[in-house]
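Construct all of the structure, not just a fragment, from the sequences and the given hints.
Number of protein chains: 2
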Amino acid sequence: MNVPHRDLPRIVIIGCGFAGLKLAKSINTKNYQVVLFDKNNYHTFQPLMYQVASAGLEPDSIVYPIRKVFNKKENFHFRMADVHEVDAEKKRLHTSVGTLDYDHLVMATGAISNFFGMENVEKYSMPMKSLVEALNLRSVILQNFEKALNSSDMQEQDALMSFVIVGGGATGVELAGALAELKRYILPKDYPDLDIRRMQIHVVQGADRLLPGMSAKASADSERFLRKMGVNIWLEVRAQDYDGTTVYTNKETFQAKTLIWTAGVKGAPTAGLNAAQTNGGRVLVNAFNQVNGHQSIFAIGDVAAMTSEELPYGHPMLASVAVQQGVHLGKNFNRLAKQKEMTPFTYKDKGTMATVGRNLAVVDMKRFKFGGWFAWLMWMFVHLMLLVDFRSRLVVFVNWAWSYLFYDKGTRLIVRKVKDKTAVDCKEEDSVAV
Amino acid sequence: MNVPHRDLPRIVIIGCGFAGLKLAKSINTKNYQVVLFDKNNYHTFQPLMYQVASAGLEPDSIVYPIRKVFNKKENFHFRMADVHEVDAEKKRLHTSVGTLDYDHLVMATGAISNFFGMENVEKYSMPMKSLVEALNLRSVILQNFEKALNSSDMQEQDALMSFVIVGGGATGVELAGALAELKRYILPKDYPDLDIRRMQIHVVQGADRLLPGMSAKASADSERFLRKMGVNIWLEVRAQDYDGTTVYTNKETFQAKTLIWTAGVKGAPTAGLNAAQTNGGRVLVNAFNQVNGHQSIFAIGDVAAMTSEELPYGHPMLASVAVQQGVHLGKNFNRLAKQKEMTPFTYKDKGTMATVGRNLAVVDMKRFKFGGWFAWLMWMFVHLMLLVDFRSRLVVFVNWAWSYLFYDKGTRLIVRKVKDKTAVDCKEEDSVAV
Chain D
2 MNVPHRDLPR IVIIGCGFAG LKLAKSINTK NYQVVLFDKN NYHTFQPLMY
52 QVASAGLEPD SIVYPIRKVF NKKENFHFRM ADVHEVDAEK KRLHTSVGTL
102 DYDHLVMATG AISNFFGMEN VEKYSMPMKS LVEALNLRSV ILQNFEKALN
152 SSDMQEQDAL MSFVIVGGGA TGVELAGALA ELKRYILPKD YPDLDIRRMQ
202 IHVVQGADRL LPGMSAKASA DSERFLRKMG VNIWLEVRAQ DYDGTTVYTN
252 KETFQAKTLI WTAGVKGAPT AGLNAAQTNG GRVLVNAFNQ VNGHQSIFAI
302 GDVAAMTSEE LPYGHPMLAS VAVQQGVHLG KNFNRLAKQK EMTPFTYKDK
352 GTMATVGRNL AVVDMKRFKF GGWFAWLMWM FVHLMLLVDF RSRLVVFVNW
402 AWSYLFYDKG TRLIVRKVKD KTAVDCKEED SVAV
Chain F
2 MNVPHRDLPR IVIIGCGFAG LKLAKSINTK NYQVVLFDKN NYHTFQPLMY
52 QVASAGLEPD SIVYPIRKVF NKKENFHFRM ADVHEVDAEK KRLHTSVGTL
102 DYDHLVMATG AISNFFGMEN VEKYSMPMKS LVEALNLRSV ILQNFEKALN
152 SSDMQEQDAL MSFVIVGGGA TGVELAGALA ELKRYILPKD YPDLDIRRMQ
202 IHVVQGADRL LPGMSAKASA DSERFLRKMG VNIWLEVRAQ DYDGTTVYTN
252 KETFQAKTLI WTAGVKGAPT AGLNAAQTNG GRVLVNAFNQ VNGHQSIFAI
302 GDVAAMTSEE LPYGHPMLAS VAVQQGVHLG KNFNRLAKQK EMTPFTYKDK
352 GTMATVGRNL AVVDMKRFKF GGWFAWLMWM FVHLMLLVDF RSRLVVFVNW
402 AWSYLFYDKG TRLIVRKVKD KTAVDCKEED SVAV
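From first to last, the protein sequence lines stand for chains D and F. Add 1 to the 1-based position in the first sequence for the numbering used here, that's all there is to it. Add 1 to the 1-based position in the second sequence for the numbering used here, that's all there is to it.
No lab work stands behind these hints: they were computed from the structure. Certain hints may be false.
When chains are identical, the list treats them as one kind, so a pair holds in a single copy or across two.
[Claimed, not checked] Here are the computed lysine to aspartate or glutamate pairs in the DMTMM-like style, where the Cα-Cα straight-line distance is at most 25 Å:
| id | residue 1 | residue 2 |
| --- | --- | --- |
| 1 | Lys190 | Asp390 |
| 2 | Lys184 | Glu86 |
| 3 | Lys418 | Asp209 |
| 4 | Lys349 | Glu311 |
| 5 | Lys31 | Asp194 |
Below, the structure written as structure tokens:
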């Protein structure tokens with residue numbers, strides 16, 4: 002591979018999500034050469050992905066060119082490539098653009114959708130773990146209404162206008178709220194020939210409450226907000242099968258042409274790595290994010306499970322954990338370069354939040370837990386500030402302000418037409434043509 | 002087709018470009034039912050399309066949801082569909098969503114790329130006549146640099162970094178300028194491992210000057226501006242063949258993995274219409290935009306050729322002609338409803354302009370012809386004001402200001418990966434998956 006040789010130890014990072022991005026930024030490249038791989042040329046700000054899927058934002062608001070982040074970094078090399086396999090013995094990585102030897106390897110490969118072996122659900126549902134999947138979902142939602150217009154079969158129309166979201170975590174709740182806003186403010190104006198009151202939004206949640214990672218108050222508030230917005234919530238209901246139209250669960254069945262899968266994720270470690278994993282496919286690491294049994298291989302973020310007595314399954318799969326682990330490992334590399342010992346990672350919980358709709362959000366902080374208008378303002382402010390640059394912030398702010406003032410969403414565009422009425426083959430499929 | 006029956010004459014419009022959009026807006030739907038077809042659910046502001054291709058703007062800045070434009074219009078129905086064929090005798094239209102009878106039919110179907118029978122050029126080149134093609138071009142430009150990084154063959158690297166634009170009209174000139182800015186301000190920072198000075202931008206123009214539709218001063222100015230920006234200009238050179246790497250012309254040959262085709266367009270009339278056409282596939286119409294020989298069928302915009310002694314080939318294929326013909330025909334329909342006679346169309350030339358780069362544009366007005374900084378300001382102001390709504394204007398303004406202040410372009414994202422090094426099958430191919 003065309004990477005210049007330097008007389009510096011080489012750190013290779015796989016994945017430019019929150020963990021990989023922060024790590025690469027934190028490493029002092031006076032002491033190391035850094036090579037970063039990602040299959041895309043952009044970093045994705047996942048917390049706002051549902052706004053792309055629901056026609057509120059365009060990709061450039063939530064994804065950011067990786068090369069731009071590292072414009073001024075010396076001894077840093079980004080390669081857009083698929084990583085195929087790691088050879089831990091030879092300390093070598095096999096990728097779609099050649100092989101590369103490393104001194105230290107960091108897996109920041111994140112998580113992928115977990116369908117728990119339900120093949121039909123995997124085949125016909127729409128996941129939302131990547132930008133491309135979010136864009137596909139946006140197209141499918143809008144295409145369904147275009148199709149409903151041309152159908153004279155009431156049952157088919159209803160199925161086209163029904164959306165089942167499996168999973169009541171933050172992604173499921175936020176997407177349900179966004180769909181409810183489309184139903185209330187936008188679709189009746191866009192489709193006067195359809196009776197949009199027939200549109201159904203269902204959230205199917207296996208646990209006995211929404212947002213199980215947050216406080217009981219947040220669960221109750223978000224459920225109340227969503228119900229008020231007309232969303233149907235089904236607790237302790239688990240999806241079991243789906244044929245593209247009928248969703249089978251352990252209780253109800255639903256007729257819906259769109260099943261959106263936000264119910265589960267699993268770690269996505271690189272192939273070839275021989276290391277202990279949790280049931281959820283996360284690689285076990287020690288307190289320095291070192292993969293058990295591998296001195297030179299680290300794992301950070303969603304793919305890593307740093308288990309302990311208090312955390313038998315590792316930290317929650319959250320952006321804030323990934324960010325902190327990335328920064329921390331970067332500092333540890335910098336310490337190693339100065340012959341200092343690494344320090345163990347500790348997670349600082351700064352709170353969690355989720356938004357439901359206009360003026361409605363829930364926030365859990367150590368001392369305060371609150372929901373409603375102020376939580377919503379805080380959610381918006383925090384997310385605006387987390388965006389990578391000022392241009393994205395301005396563009397997102399313009400879109401949010403417009404949307405708030407005029408009850409409008411600007412990007413209801415079917416750019417990538419998704420074929421066939423069911424979501425067959427709408428998975429990560431970001432290539433056009435043959 | 003599910004279009005409600007009204008006791009009103011039905012006007013069916015095919016195509017929602019500038020002509021179709023303005024027409025549909027102008028018709029008084031107290032007197033008519035209007036049904037509008039387009040294969041997309043958005044209207045495209047074509048003059049800024051090259052900014053999507055060159056990573057300056059996202060789709061939502063230049064395309065606009067059609068349903069939103071007509072939110073409040075009564076007796077108006079939009080259907081996203083492909084129109085297959087017109088049956089003039091039965092006054093009936095066959096589409097992908099069913100058949101529909103019309104009282105008046107208006108073809109506003111625009112123009113498509115014309116490759117003048119050169120099959121290889123059609124196969125391997127990238128056109129830029131639709132949003133999807135512009136997005137594909139953006140991906141190809143960026144993917145080529147990613148590929149060049151991984152190549153150790155100097156010739157291949159050079160070909161990957163070479164761009165031949167065939168056609169020196171406004172689209173060709175504007176795109177060449179945008180590529181030159183990428184070369185100068187952005188790519189050297191993004192790809193420090195490549196010698197970006199080796200990047201070549203060629204404009205191949207058959208005529209003896211650029212912008213042949215504008216004044217001699219505009220031609221000379223734009224040529225001077227482009228040469229100063231490092232663009233190679235080849236006048237009186239015509240592309241003849243292309244194999245994906247070598248561009249053959251009547252004079253030079255060029256090694257380039259990307260050939261961008263802006264050299265020719267032809268009218269795209271609906272199939273089944275039996276009517277006289279120009280060599281360029283434009284349908285001959287009378288002064289009322291009525292298709293010769295068809296009382297109830299009209300054609301407006303690029304697809305129509307309103308020939309006369311002064312205009313043996315019809316009006317130039319410009320947005321301003323399409324806008325004026327759309328508005329005029331709408332007024333004529335409204336006159337017909339009041340039993341008044343139609344009035345003939347006359348084109349008011351308000352001037353033409355093209356931009357080349359920062360602080361550089363050319364403007365032709367009746368009395369003044371000028372180029373440079375003030376022309377550039379005027380170009381920006383006019384184009385901002387032409388955008389459909391305030392949100393797009395704000396978003397475009399933020400992006401332009403950012404780009405101007407920081408020599409940056411925000412959307413260099415490879416969202417739709419285009420397969421294979423040549424542009425095979427990168428044509429209008431806006432579907433994902435099987």
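The hints, checked one at a time:
1. Lys190 to Asp390: Classified as between; 17 Å across copies, 34 Å inside a copy.
2. Lys184 to Glu86: neither (45 Å within a copy, 35 Å between copies)
3. Lys418 to Asp209: neither (37 Å within a copy, 41 Å between copies)
4. Lys349 to Glu311: Close inside one copy (14 Å), not across copies (77 Å); limit 25 Å.
5. Lys31 to Asp194: between (64 Å within a copy, 18 Å between copies)
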